[in-house]
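So the protein sequences, as listed, match chains H and F. Quick note on our numbering: the first sequence kicks off at 1 and runs consecutively. Quick note on our numbering: the second sequence kicks off at 1 and runs consecutively.
Since the hints were derived computationally from the structure, they do not count as laboratory data. Treat the hints loosely; a few may be bogus.
Here are the computed distance ranges between Cβ atoms for each label pair [to be verified]: (1) H:Lys-74 - F:Ser-196: 27 to 37 Å; (2) H:Tyr-161 - F:Lys-117: 53 to 63 Å; (3) H:Ile-100 - F:Glu-363: 55 to 65 Å; (4) F:Glu-324 - H:Ile-6: 44 to 54 Å; (5) H:Asp-108 - F:Pro-77: 51 to 61 Å; (6) F:Asn-268 - H:Leu-487: 53 to 63 Å.
Note that the Cβ used here is the ideal one computed from N, Cα and C, for glycine as well.
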Amino acid sequence: MSSEPIERRVSYLGDRLKACRCKICGKEYFEMRDYCGNCGRKSFGKMANIDLFYEKGRIELCTLINEPTNKFKKLEHYVYGIISFHNGKIRVPGRLTDQIINDGEVIDFSSLEGREVVPRFRRRYQVGGSEVVPTISLAFTLADEYYPHQGYTIVQPNKEYNLPGIVGYAFYTSRFRIKEGKLERSVPFIDEDAVTAAVEAGKLSLIHSGVDSSLVGKVYVGSESNPYAVKPIASKVAQVLKLGEEDGDVQGVDAVDTEFACKAASSMFKDAAALVSYSKSKMKYAMVIGADNSQAAPRGCPGGELDVFVGYGGAAFIFGKYDVIAEIEGWYSCTSDTPDFWRRDGEPFPMHGGRFSGEPAYFKHVRKATTKLMEKLNLQAGDVDYFITHQPNPRFPVKVAKQLGFKDEQYAVSLQVTKFGNTYSGCSPVGLAAVLDVAKPEEKILITSYGSGAGSDAYLLRTTSQILDKRQRQKINVKSQAENPFLHYVDYTTYRRLKLGM
Amino acid sequence: MQNRPAIVAVGRTKFGEHYGKEPEKLIEEAWLAASNECDLERRDLEACYLSDCFLPITNKLGLEEGFLSELTELHIPMEVTRSVSAALLTAYHAIQAGVYNTVLVGGIEKMTDRWDKIRDDLMLLGDPWSYYAGGTPEANHELMLRAYIKKFGIIGKNLDKLNVALAKISVKNHAQAIKNEYAQFHRKITIEQVLSARKAARRPLGLYDFAPISDGASALVLTSQMKAKRITEKPVYILGCASATDYLDFPARDDLTHFTSTQIAMKNASKMARKVPLDLSVLEVYDQSTVMEMVSMEDLGFCEPGTAWKRIRGNCEDYGGYYEINGKKLYVNMNGGLKADGNPLGATGGAQIFEIFRQLRGEAGERQITTDQDSMLTGCSLEFEGFGTKAYVSILGRET
Chain H
1 MSSEPIERRV SYLGDRLKAC RCKICGKEYF EMRDYCGNCG RKSFGKMANI
51 DLFYEKGRIE LCTLINEPTN KFKKLEHYVY GIISFHNGKI RVPGRLTDQI
101 INDGEVIDFS SLEGREVVPR FRRRYQVGGS EVVPTISLAF TLADEYYPHQ
151 GYTIVQPNKE YNLPGIVGYA FYTSRFRIKE GKLERSVPFI DEDAVTAAVE
201 AGKLSLIHSG VDSSLVGKVY VGSESNPYAV KPIASKVAQV LKLGEEDGDV
251 QGVDAVDTEF ACKAASSMFK DAAALVSYSK SKMKYAMVIG ADNSQAAPRG
301 CPGGELDVFV GYGGAAFIFG KYDVIAEIEG WYSCTSDTPD FWRRDGEPFP
351 MHGGRFSGEP AYFKHVRKAT TKLMEKLNLQ AGDVDYFITH QPNPRFPVKV
401 AKQLGFKDEQ YAVSLQVTKF GNTYSGCSPV GLAAVLDVAK PEEKILITSY
451 GSGAGSDAYL LRTTSQILDK RQRQKINVKS QAENPFLHYV DYTTYRRLKL
501 GM
Chain F
1 MQNRPAIVAV GRTKFGEHYG KEPEKLIEEA WLAASNECDL ERRDLEACYL
51 SDCFLPITNK LGLEEGFLSE LTELHIPMEV TRSVSAALLT AYHAIQAGVY
101 NTVLVGGIEK MTDRWDKIRD DLMLLGDPWS YYAGGTPEAN HELMLRAYIK
151 KFGIIGKNLD KLNVALAKIS VKNHAQAIKN EYAQFHRKIT IEQVLSARKA
201 ARRPLGLYDF APISDGASAL VLTSQMKAKR ITEKPVYILG CASATDYLDF
251 PARDDLTHFT STQIAMKNAS KMARKVPLDL SVLEVYDQST VMEMVSMEDL
301 GFCEPGTAWK RIRGNCEDYG GYYEINGKKL YVNMNGGLKA DGNPLGATGG
351 AQIFEIFRQL RGEAGERQIT TDQDSMLTGC SLEFEGFGTK AYVSILGRET
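Sequences and hints are given; from them, build the entire structure.
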């Protein structure tokens, strides 16, 4: 049984690791306080709010938990201990996440103590299917492993561009993979889901852009694996990332979830761009996130054929007119009512139309949107530097690119399905992130998404010189996550267990 | 001091699993034992202080005073605390203030009625942020041991010695419990068993380092000094009692190797009793883990910080384990401690007082400590609520 008010209060402090500091004596406290224990009444009104969300901590002490309390049973074995921040000024309890500790494996605690860690936003513990999903950032990973620490520095906007475009982006996925044949796919850790991927991707995009989070006026989260049928992911993203002006515990931001199978996020790129361009909106930035723990029935069950390709991850893009790295030069969207892939309400896994998900669905819409946009902008295939499209499997994107006249060197960079699997709403956005990771200034990028149901959005982007300047702020990019030395490969049974989550 | 409140009788149940008994039955059993001992009637009682840590959670009993009223058919003032030591402290103050002359102090817990959820409850009540981060009731003890090892630079052979010393604490307490008819465990264990349980758990502490969960009840009768002399020839006086409080949140405390609450409570209680640690010869400490017993020996002032593990002497497997303090033998947890006597939270403190009462009156039978009689006159108990969040020290003596 969970209590909504308690859950809300714990999440409010714990998701962001809110803390405070006495301006008189400098003593720091985890959680918010109105006065300092050292300074007493004179410190009323002199407590500065700080947070540990972008900080790195240190493992002070640790031990192994192999008989967890009931709510942590699905984590089985994990390292738990005391994490200190700011040279021991603040100490919090925390567990190491992203570790699979096998039966009989002995942990050397003294080798872990002293190591630096990064707070990670995760599910807190398991609850019943009808309860609020609890989250927390008292989960940590080692800072010198898969996910290095990156500080968040706000950079004052410098140049205003004529056209709106992408000012920052990021891709986030877990460190776990399943490898079958040549195909590697990302697998969430058991405490991850679409919500945690959305928050992590959004966090990394703020770091990359240097944008002040309070200037983000709207956030869209596209997903088809939201753990809730009703309750947005975007509200969690807005609260944890402090998007929009903060007023008490309410953020001055518009947050909304979108759904259109795998184009739920890419569809909103133009809406975000339009919003920041509309002078009356006074909105400097808008964020679009596509995140999924891509769902598939187990193999051998109806819909199980999807299980071969599904991945996990999220990509976030911040749109604005200042310090743009890629301007939006045009777009074209098309839609038809083609039910090639669907999930009925209350069903855990999606179904799809077998052979009809190819030509009458994917190929028709991707070709239509791409050719229409090229016509509109008077472009030939050869004029474009990079072509990106939706990647439900390794074969489709190559086939459609060839049909459209693109050459291998134009689309090869974007093909990420063999590294991460199909990340559904994050799928063509991952391809875009991979291209932005390597693109040079003044290059043309054509991205065409596809969402079952069905429709496509095609965009033409042109990079600016700032793409190079901002690249150095990014330690975690598509390549670093694809070719990471700390990847952990799991077998099929573990993959299904992790994917199912807590 | 005028009017030293005194304990005139004690009673308790066996600790362990009381599958078939309701909580009421257990407290009744403990109270009847105490009242028989001092030949007191229910109607002689002027007030009751009952303790339970979480009967409202384990047994869905919200107004414990009500069932005690039904049980005793009394309508006197009754209050509930979380531990027997807290109840005793409250009763002590009331008697000393002259409000009452005869008060029943009791405690009860029924943990096995909720054995499957009890560890979640303990954590959520005792240290919620640690719980949310994935902590367990055992983890804080292990982290304290890690902090202790690091702070005092214990490495190599010394670390092995420390680990064996901690094992000896458990072995000693198990051996002592064999002679305690009320103890939860009557089973001798060996140092090897303790060490191999740690190895199997792959953790700093293992199964034999921790106290169990238990059911049980305890009771005592506290009276004014005048009344005590009329009731018994051998009253046991409360010479000093004090409590202190620390944060719920263990990681946020200043000192991770010791319990500040114990140090403060001991300082105040010994000042009140005009005793120094060396005056005390019977000691019941709150050994929820072997580490807790070790650091408590330091917090109470018997050993310098970082040294208690070097003081464990004697054949712990055969009722001969003691701490050597300044050349004197100090026997600790003669009833088997929480480790072997059992740890029904709300009743545990009553069992500690029970043991000191028996030892001071020379009624401990096979467990009776036989050192020189002069030093047998005072004893001390340390009880915690939570992981050192509250510490209660009570110093008892046969003479005012």
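Results for each hint:
no.: 1; hint: H:Lys-74 - F:Ser-196: 27 to 37 Å; in the structure: holds, 28 Å
no.: 2; hint: H:Tyr-161 - F:Lys-117: 53 to 63 Å; in the structure: holds, 59 Å
no.: 3; hint: H:Ile-100 - F:Glu-363: 55 to 65 Å; in the structure: holds, 56 Å
no.: 4; hint: F:Glu-324 - H:Ile-6: 44 to 54 Å; in the structure: holds, 49 Å
no.: 5; hint: H:Asp-108 - F:Pro-77: 51 to 61 Å; in the structure: holds, 57 Å
no.: 6; hint: F:Asn-268 - H:Leu-487: 53 to 63 Å; in the structure: holds, 57 Å
When the structure is compared with the earlier hints, no violation turns up for any of them.
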